[in-house]
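Number of protein chains: 2
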Amino acid sequence: MNKTRTSIVDIAHAAGVSKSTVSLVLQGSPLVNEKTREKVNALIGDLGYVYNRGAANLRQSKSKIIGIVVNDLTNSFFAELAVGMDMMVQSAGYVQFLAHSGESVDRQREVISSMRENGIAGLILSPARGTEASDIKPLADSGIPVVLVVRNVPGAKVSTLLSDNYTGAKAAIRHLISLGHRRIAFMGGFVDTAVFGERLRGYRDALVEANIPFNEKFVIHSAPSRAGGAAAVERMMVFAERPTSALCLNDAVAFGVCDGLRSNNIEPGKGFGVVGFDDVIEAKTAVPALTTVSVDPQGMGQRAAQLVLKQINAGQTDPESIVTSVRLVVRQSCGAPVKQLEELA
Amino acid sequence: MNKTRTSIVDIAHAAGVSKSTVSLVLQGSPLVNEKTREKVNALIGDLGYVYNRGAANLRQSKSKIIGIVVNDLTNSFFAELAVGMDMMVQSAGYVQFLAHSGESVDRQREVISSMRENGIAGLILSPARGTEASDIKPLADSGIPVVLVVRNVPGAKVSTLLSDNYTGAKAAIRHLISLGHRRIAFMGGFVDTAVFGERLRGYRDALVEANIPFNEKFVIHSAPSRAGGAAAVERMMVFAERPTSALCLNDAVAFGVCDGLRSNNIEPGKGFGVVGFDDVIEAKTAVPALTTVSVDPQGMGQRAAQLVLKQINAGQTDPESIVTSVRLVVRQSCGAPVKQLEELA
DNA sequence: CTGTTAGCGCATTCAA
DNA sequence: TTGAATGCGCTAACAG
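Keeping their order, the protein sequence lines are chains X and P. Add 154 to a position in the first sequence, counting from 1, and you land on the number used in our numbering. Add 154 to a position in the second sequence, counting from 1, and you land on the number used in our numbering.
To be clear, the hints were calculated from the coordinates, so they are not data collected in a lab. None of these values were measured; they are calculated from a predicted model. Glycine residues also receive a C-beta, built at the ideal position from the N, C-alpha and C atoms. You may find that some hints are simply not true.
Calculated cross-link-like contacts (lysine-lysine; reagent style DSSO-like; alpha-carbon spacing at most 30 Å) [said to hold, decoys possible]:
#, chain 1, residue 1, chain 2, residue 2
1, P, 218, X, 218
2, X, 173, P, 216
3, X, 291, P, 173
4, X, 193, P, 291
Some chain X residues judged to face chain P by a derived CB distance under 10 Å, without partners named [said to hold, decoys possible]:
#, residue
5, 209
6, 271
7, 296
Could you build all of it, start to finish, from the sequences and the hints given here?
Here you go:
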C-alpha cells in the first residue's frame, strides 16, 4: 500500500544508527557489532524493507542483469535453450531480461537497445536470420560481453557457440557401424554450404576410420527438404548394391527419406536405418520416430550463460571471435530406433 | 571501450547547455528550441550516448519492467504464453524479466523476491503447483499489480485469468451436433474435480439447448488418463445403442479413446468423432490427429499483459480477486477432423 | 526557452 | 565500530 518504499534511512532511523551501518549489515560485512546487526535485521523484517538494487546498480555503475534474446521461443529447442540459461543465470544471482525477436532483425535491434538502456551486464543472443555484425558492434564496443548461440554472425568479433557438425556426423556413422551397417549413404544437401561440408567430412572420416572405403556414389545430393529426401531415395533404389542405412543432412530430409522408403514398401528403422540431424526442429513434432543427432539445448544454454558470466567477472569482452563447438549426441527419439543389420527385413 | 558511459552532463557540456535542457530533449519536450534540439541530438549520436533508464527509474521511483514467471517454459503451451506476453509488453515500451520456476515454489519465491528488489512495475505469474496466497501477498500489498494465469491460487486477492471450461464444453458439443451427431458421450474423469463438473455442465446444457435428452449412461467415468480413455471405450462397446462421438475430459483421455477405438477396428475421426480438451499439452506432439477444445495461449498471454499494464497505469491493484475466463475454441489439429455423421463408416 | 537546485536509494571514502 | 559527506545519472520544480 505504501506509495514510497521504505529505504535504508528509514530503518537506520528506526534502529538509531546511520544508513552506512545499515548498508554494511546488508552486505554482510564482518566489521559491524553483532547486536547492531541483529537489531537492524529485525527492523528490516518487520518494516518490510526491500533492497533497491536499482539504486545500488546506479551507484556502482554495474548490474546483475543479463539480457537474453531468442529468435523463436515458440520453437521448443529455443525454449529449452532459454531454460538452460535461466538455470545458470539464476544460480549466479543474476536476473534476466528475456525477449523474443520472432526472427525480426528490427525487433531484435529495438530489444537490444532497450536492454542496453536498462543496463545489462552481458548479452546472450540467438540471432535472428539476417543479423549483421553492426547490430552487435556498439554493444561489444562499449565493453558489454556478448555471446552468440546457435547461429553465427559473420564478422562479429564475439564468442559464439555452435554445434560441432563434424563430430556429430562421426558419432552418427559410428552408431550405424556399431549396429552392423557397412553400406551407409549420405543424403540431402549440396556442396555449397558450410554445414554440408562439415557433416560430409565427418561422415567420410568415420567410414575411413572403420576401414570402410568411401564410396562417392553413396553421397546422394538433393534439396535439403522433405521432398528432396524422398527424391534421394528414388535415386538410391536403382543401385545394384543398395545402402542399408543413411545419414541425412537434416531432419526434414530424413522425414522425406522415410516417405520415400514407405512408398517403396520399406519400413524406416526396420528395413533401412535413418539418422537425421535435428535442425528443422519445427518438424520434430510431426514424425517423432527417428534417430537423430542433436545438441542438448539446455546444456548449450548453460554453457552460453557460463561464458557471459565468466566474461563479466573477468571484466573483459573477448578481443577476438571465439567459436566454441557444442558436442552433438546421437539420440533415440521415441519410436523405432535403427535396428541391428541382421534384424533388417 | 569507455569504462564510464557518457551521461547527459557530458553531452550538455559539449553542446554548451545545461543538463536539464538535454533531459528535456530526451523526453521530446516541445518547449525547447529547435536549433538546440538538433545540436543536442547530433551530439547524442556521435558521442554514443545511451540513456540510463536505471537512473531515471530511481529518480521517478517507478520502472518500465514487468516480471513474468512461468512454471514450465519447456512446455510449449507456456512458451507460447510467454511469447504473447512479450508482444504486449514490448509494444508498450516495457521490458520483461522472465524466469522459469520449474514447478518449484522455492525457486519461484526466490525469483519473485529478486524481481521485487529490481523494481518491477507489475508481475504476471503462472504459479507453480503448491503456490500459496502468502507467496504473493507481500507483493500485492506493496501496491504492485499481480496477475495470475492458467492456474488459480486459492485465497489470493489478485486478478486471475483462467479458461472457461463451461463454454468450451458447450462449443465442443455444438460442434458435434452441427456435424449431425446426436448420441454423444462424455468420457473420462470423476465427479470430484471442479474441472470435471464445469465441463460436464457445459456438455449437458448444450445437449438440452439442442433438445437432445441428457442420457446419464453416456457419461462414462474413468481415470483421466490415456488408459482410462481406452477403458471407457470398452465399456461403451457393449451398449445396445452406441454413441457416435464423444467429448473427452482431456486430451490424454482422448488419445486413450482413439486407442480403444482402434483395437475395436474403428478408425477415430472417421468411424467415431473424438473431441478432447487440450490440457495435457505434453501429449499433443505425440498424436496430433485430433479435434480439440483449447485456449489460444498467445492470446491469453496478451490479455494477461494488457491486464497488468492497465493496472499499472491506473496506479492501483485490484482490491478484490477478479477471475476472468478466457474463451476456449474448437480447433482442428492437423489430421482427421470429426466427420459429418453421414460419412461415418 | 534555459539554467539552478535538490534529491531518488544506495555504496564508498574518510574521520571520529 | 560507526557517522558524515559525496556522487552515480537522471527528473522535477522553480526561477530567470
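Checked hints:
1. For the given pair, residue 218 of chain P sits about 17 Å from residue 218 of chain X by alpha-carbon distance, which is consistent with the 30 Å threshold.
2. A hinted pair counts as satisfied when its Cα atoms are at most 30 Å apart, and residue 173 of chain X with residue 216 of chain P qualifies at roughly 23 Å.
3. With a C-alpha separation of about 28 Å, the suggested pairing of residue 291 of chain X with residue 173 of chain P holds against the 30 Å cut-off.
4. Between residue 193 of chain X and residue 291 of chain P the CA atoms are separated by roughly 25 Å; this keeps the pair inside 30 Å, and the hint holds.
5. The interface hint given for residue 209 of chain X is met, as the beta carbon of that residue sits about 5 Å from the closest beta carbon of chain P, less than 10 Å.
6. The criterion of a C-beta within 10 Å of any C-beta in chain P is met by residue 271 of chain X, whose closest approach is roughly 5 Å, and the hint holds.
7. Interface restraint check: residue 296 of chain X against chain P, minimum CB-CB distance 7 Å, threshold 10 Å, status holds.
In summary, the structure agrees with every hint in the numbered list given earlier.
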